[in-house]
Amino acid sequence: MIYVENVTKEFKKTVKNPGLAGSVKSLFHREYETVKAVDDISFEVPKGEILGFIGANGAGKSTTIKMLTGILTPTEGKVEINGQIPFKNRKKYVKEIGVVFGQRTQLWWDLPLLETFSVLKQIYQVDEEQFKTRMAFLNEVLELDDFIKSPVRTLSLGQRMRADLAASLIHNPKVLFLDEPTIGLDVAVKNNIRKAITQINEQEKTTIILTTHDLNDIETLCKRIVMIDKGKIMYDGALSEMKQQYGKYREVNMSLFQNEDYEQLHFEEDLKLGGDDLKVVRNKEKITVTFHSDKISVSDLLSYILNKTQVKDISVNDVNIEEIVCRMYGNGVSAS
Amino acid sequence: MSNIKARGIGFINTYKAFTKAGVQSSMAYRASFLCFVLGESLYCFVMYFIWKAVFSSSGNSTFMGFSMTDMTVYVFLSNLVGFLTSTDSTENLADEIHDGSIIMRMIKPVNVDFSLLAFELGNKVMMITCVFLPVMIGVEIYRFTVLGYCAFHIGNFLLFVVSTVISYLLAFYLNLIFGYLAFFLMNIWGFSILKGSLIKFFSGSLIPLAFFPGAVRVVFEQLPFASLVYVPTMLYMGKYSGWEIVFVLAKQILWLGVFIYISKVIWKWAQKRLAVQGG
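Respectively, the protein sequence lines represent chains A and B. For reference, each letter of the first sequence is one residue, going 0 to 335 in numbering that gives the first Met the number 0. For reference, each letter of the second sequence is one residue, going 0 to 278 in numbering that gives the first Met the number 0.
Only true hints are included.
Lysine to any residue pairs mimicking SDA-like chemistry, simulated, CA-CA at most 25 Å apart:
| id | chain 1 | residue 1 | chain 2 | residue 2 |
| --- | --- | --- | --- | --- |
| 1 | A | 77 | A | 87 |
| 2 | A | 94 | B | 269 |
| 3 | B | 271 | A | 88 |
| 4 | A | 131 | B | 10 |
| 5 | A | 46 | A | 84 |
| 6 | B | 107 | A | 150 |
| 7 | A | 173 | B | 104 |
| 8 | A | 94 | A | 202 |
| 9 | A | 94 | B | 3 |
| 10 | B | 107 | B | 7 |
| 11 | B | 107 | A | 143 |
| 12 | B | 19 | A | 147 |
| 13 | B | 15 | A | 171 |
| 14 | B | 271 | A | 14 |
| 15 | A | 24 | B | 180 |
| 16 | A | 46 | A | 204 |
| 17 | A | 24 | B | 189 |
| 18 | B | 199 | B | 248 |
| 19 | A | 148 | B | 27 |
Everything labelled a hint here was simulated from the structure, so no lab data went into it.
Chain A extracted, bound-state conformation (with noise of 0.2 Å):
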């Protein structure tokens, strides 16, 4: 359904010195220097798959959108959907493909709602009959009712994602891309807008990408992730065995009645742990330890603490994914 193979895409910036000086400079003299947003990225997508794309912003998240909705032309490698190659015809390629920028909308500002799905019923030559059990399925996952005859500059943004996710499906396409479909909502909203968008891939077969920084949106919807940082992917496989992989942390954490006792905690010399395996965290008060628990069993690291300091208050917790997230960025910052 979507292949990307060794896909790279540079952009030329240019440099300007600082300063008023450097402004006036770069009037007359321009210096570009070459950042590549995506480096030689592969991976594939079968039909029907939710696959969550997630990284840090500047990662080349939306870069690689914009490559995979033949928006941007790739500098090196090949991306083919559905058997079509997007930037080539790119008119005959949208078609088959809806969109949902979170920060953008394809709305008709001026106009209601109503009018902007009638205006993109035309530009995608949806006839008349599919066009009404399409709205009246939307209206029913989105409830689109309340507000179908509103302006769209007067919606808010709720109304305004769940138009916007509604305006991408009107023409019942195969590949669904999301960038950022939950960003700055409620949560009763990012709830509606999930379970929407499992309903359409459960009934559709709707082969969808989505992008987020929210880790909820991946947990509920996705089965497989890709992360990508510094536009080199950085893990690509199924959301279980990453926090299974990585799942195998535990964090303590803890108060002191005396913060001075932490002093007499020396993790790293009593029981020879360090670096990724165990990690401590001091905020005020609270201490986090995370560490492996292969290496050290939590009765052992309990009886450790205990038996040093006297503990106000203690817990073990799982580590969750946002963690095990900025673990792996971690990681990839200390890589290059």
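Position chain B relative to chain A; hints supplied.
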């Protein structure tokens, strides 16, 4: 054959949707439109009084083949043409490029230029109906009272309509090319101002090109800007005859072709080195 027909209908339906949306959008800002019309009319009258002062101080009743009546008609008509062919394509496109929202146009199965054009046409429908007829009737009543007979010529009027349509398309594509500059400059404000002054001067909307000295006039008349305002206005006034008419219309079409071609080339080139702003 039927395939071509079906595609043609699809094409028309697609862009008709943009035109319809344009009509509806323009309804959202009626007050701003009204102020615009008032401002333009005021400008016309100022120009009229300036030329009146020029004519009365020169002592001659005609100047370079223009009588005061001609001049009055020219002022109002050239401004009408300027208004009918005015286009926001530079700003609209440049803004979309600047803030990156052009990608929302690119994810639709439509041409960027046609969709902008169709939308703008929709935007203009109300303007045209509200301004075109009153100005036309006003000009003809004026001519009738001054000259004592009806000077309206249906042939010239039709030529004027055809020429104005070409002129609008020409203006649209010329402005589109300026808009595409935003890909390379990211801020085209300065260029926009420069373009505005150039067009005002070279198109004859400030001073009829006939008033310029021989050689300069000949050069100016060949430039694409002359096709924007001067040619339609002169056609209406019946200042061209016979082959001249064919020649000026052919020149308009030629320039239109050139600009469409340039805009397509730039768009193709820009797409390859496109760097989308923000997000």
